[in-house]
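Number of protein chains: 2
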Amino acid sequence: MKSLDPAKPALLGLDWGTSSLRAWLLDAQGIILHTHHARQGILHLPDGGFAQVLSDILAQWRLNDPVPMLACGMVGSINGWREVSYLPCPASLCQLADGLGLQPTAHGMLHIVPGLLKDGSLPDVMRGEETQIVGIMGTDGNSHHTVVLPGTHSKWAQVQGQIITEFRTFMTGELFAVLMRHSILGRLPSTAPPDDGYRDEAFAMGVRTAQSGIPLAGRLFSARTVVLRNRLERAYTADYLSGLLIGEEIHAGMAALEATQHATPVLVGERALCQRYRLAFTVLGHPPPSIAGNTAPAGLFRLACAAHLLDRTPSHLHDQKGAVI
Amino acid sequence: MKSLDPAKPALLGLDWGTSSLRAWLLDAQGIILHTHHARQGILHLPDGGFAQVLSDILAQWRLNDPVPMLACGMVGSINGWREVSYLPCPASLCQLADGLGLQPTAHGMLHIVPGLLKDGSLPDVMRGEETQIVGIMGTDGNSHHTVVLPGTHSKWAQVQGQIITEFRTFMTGELFAVLMRHSILGRLPSTAPPDDGYRDEAFAMGVRTAQSGIPLAGRLFSARTVVLRNRLERAYTADYLSGLLIGEEIHAGMAALEATQHATPVLVGERALCQRYRLAFTVLGHPPPSIAGNTAPAGLFRLACAAHLLDRTPSHLHDQKGAVI
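Line by line, the protein sequences are chains A and B.
Add 29 to the 1-based position in the first sequence for this note's numbering, that's all there is to it.
Add 29 to the 1-based position in the second sequence for this note's numbering, that's all there is to it.
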């Protein structure tokens, strides 16, 4: 223990994704004591890299006494440290806590949150987002939330009380990246756009195309033609295309919601991206959703509590429902 | 003149696109005497490359006497040999013939077909496809056709008599290419699929997702999850994704057609791709469209006739309507 630390470390939480790693040291109330963020995603690690990265983090925080460790994300995938089978969706907080995978390490057992699988004609999967969703779950069993997690593979999830009932993946972020880097649309921009307020206008212009009634594949080409027609400066192509793709996602997601009369979504994730999504909601005439930020540490803490990791008592001595905050 | 040639060359027609060049030597009836096809698209040529390629083709066919020359495609774009302004759509065969651009060469004047521009909130452009469309135009002024030209940037065009009245670009081919080469979807396939008939089944499986009511960005990820769920062998991911994207295009294109009660489309372009499109039409419950193949040489010949290039009489001496076959 680092003697200057006023609070006692109680949990090492990790969100270990494809490209990046975020780790938090939390106390027994779930307060964040330390944060680590690096491009140490599972695709960037050499063989044996997982153990080394974990040791480095613990050494960096001078954690001489072992603490419970819980990770979520692609670290539990077939390309991760230890594959943890998907749980079928719907899945409750308690089912997630009961389904943790185990990876022995030099510093004790690393627990890994399972991802979720939704079966059906178009099956869908998530790994990591289930933990972020747990981080904003209420304790009211009758509450109903729609949680939107923007990103490379955006997720729209339905949450009823402490159960994730349904979700859908939109490849919005990845589509944007591959189209800007590798398609004819990305060849146009020549200069970085100045931060002059016009970026939001170009973004909104792209968002509004979602209301045209023309499907996505028939609107993408407009990111080129609006420049050819001098309706958009080419430096703003990325903002327009981002708006076009995010607008598509929100238009489709909200159309599905309106059919079921669910509540206004909550945005979870990186704040700047959530703000762009919020702008798109308002451009499309929807109320602005609230932004919850990154709820992964809260979700990890909550799952650790539900799995009785914090008190280090074997979980079979506890009521299966556990004591959750 | 090559003495063994029974027919007299009357027109050199060129479809000079971004990545490839197709050239045809035609007689006075529009019969193809010679064909040249090479990866000599405008993006593959060094400075001055246009003139050299043209000279090489004429030398290869031993054309000692000059012939009228007419080109369509990206050769008329800002990155081509000579920029020819877009004509506004709707545009008739005669307007296209009257709008030819001119590029002097060592072998006489090269005429270049203008592209078309459709203005509106989502502007659209074509270069080259207008000539293919002219190639299947009837002579009945009251006929109505929908022409579908599959490709990197697929076009759906409405043709009334000899007028192209409307069109829409779908970035289907380019989306497929960038997703297979650069996204997570393309990382899965490990082996080339055997030609065992199952490729069409995987393609049809992708096509059918267009009927799910879920928009494109929310279905793309299924190209990964159907493999994870063992519903599709990973070797067939490309066929599934191709079906998903082509299905989207046809579903959207036909929905727009049904709203206007236009006729069953005609497919124009490379035969193997047209056959895949035809399969997708039937999978989605539509009648199989006819396949017209590559109509660019017919279109070039027709435009050359309308522009009075074949008889080498100055066009101002002719009736503007010209004599078209």
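Honestly, the hints are just simulated from the structure, not real lab data.
Do not rely on the hints blindly, as some may be mistaken.
What the simulated footprint calls covered on chain B by chain A, stretch by stretch (three residues with Cβ under 8 Å from a Cβ of chain A suffice, anywhere in the stretch; the number is not a length) [said to hold, decoys possible]:
1) 151-157
2) 207-216
3) 270-280
4) 295-309
5) 327-334
Listed below are several chain A residues computed to face chain B (Cβ distance under 7 Å; list not exhaustive) [to be verified]:
6) 48
7) 200
8) 207
9) 240
10) 244
So the derived label-pair ranges between C-beta atoms look like this [unchecked claim]:
11) A:75 to B:117: 39 to 49 Å
12) A:127 to B:292: 51 to 61 Å
13) A:190 to B:225: 27 to 37 Å
14) A:117 to B:230: 22 to 32 Å
15) B:70 to A:258: 19 to 29 Å
16) A:206 to B:230: 50 to 60 Å
17) B:48 to A:127: 51 to 61 Å
18) B:289 to A:114: 42 to 52 Å
19) A:148 to B:68: 43 to 53 Å
20) A:148 to B:150: 19 to 29 Å
21) B:68 to A:78: 52 to 62 Å
22) A:127 to B:70: 34 to 44 Å
23) A:304 to B:316: 47 to 57 Å
Fair warning: this is a prediction, and the values are worked out from it, not measured in the lab.
The C-beta atom is built at its ideal place from N, Cα and C for all residues, glycine as well.
Going down the list of hints, with the structure as the test:
1. 151-157: That given contact holds, which follows from 4 residues of the region 151-157 of chain B lying within Cβ reach (below 8 Å) of chain A.
2. 207-216: holds (count 6)
3. 270-280: holds (count 4)
4. 295-309: violated (count 0)
5. 327-334: Check failed, 0 qualifying residues.
6. 48: violated (12 Å)
7. 200: holds (5 Å)
8. 207: holds (5 Å)
9. 240: violated (10 Å)
10. 244: Holds, because the Cβ-Cβ distance from residue 244 of chain A to chain B comes to roughly 4 Å (cut-off 7 Å).
11. A:75 to B:117: 39 to 49 Å: This hint is violated: roughly 59 Å between Cβ atoms.
12. A:127 to B:292: 51 to 61 Å: Cβ of residue 127 of chain A to Cβ of residue 292 of chain B: about 60 Å, so the range 51 to 61 Å holds.
13. A:190 to B:225: 27 to 37 Å: Violated: the Cβ-Cβ distance is about 49 Å, outside 27 to 37 Å.
14. A:117 to B:230: 22 to 32 Å: Holds - the Cβ-Cβ distance for residue 117 of chain A and residue 230 of chain B, about 27 Å, lies within 22 to 32 Å.
15. B:70 to A:258: 19 to 29 Å: holds (25 Å)
16. A:206 to B:230: 50 to 60 Å: violated (31 Å)
17. B:48 to A:127: 51 to 61 Å: Cβ of residue 48 of chain B to Cβ of residue 127 of chain A: about 55 Å, so the range 51 to 61 Å holds.
18. B:289 to A:114: 42 to 52 Å: holds (50 Å)
19. A:148 to B:68: 43 to 53 Å: Holds: the Cβ-Cβ distance is about 45 Å, inside 43 to 53 Å.
20. A:148 to B:150: 19 to 29 Å: At 40 Å between Cβs, range violated.
21. B:68 to A:78: 52 to 62 Å: About 42 Å separates the Cβ atoms of residue 68 of chain B and residue 78 of chain A, which means 52 to 62 Å is violated.
22. A:127 to B:70: 34 to 44 Å: violated (59 Å)
23. A:304 to B:316: 47 to 57 Å: This hint holds: roughly 49 Å between Cβ atoms.
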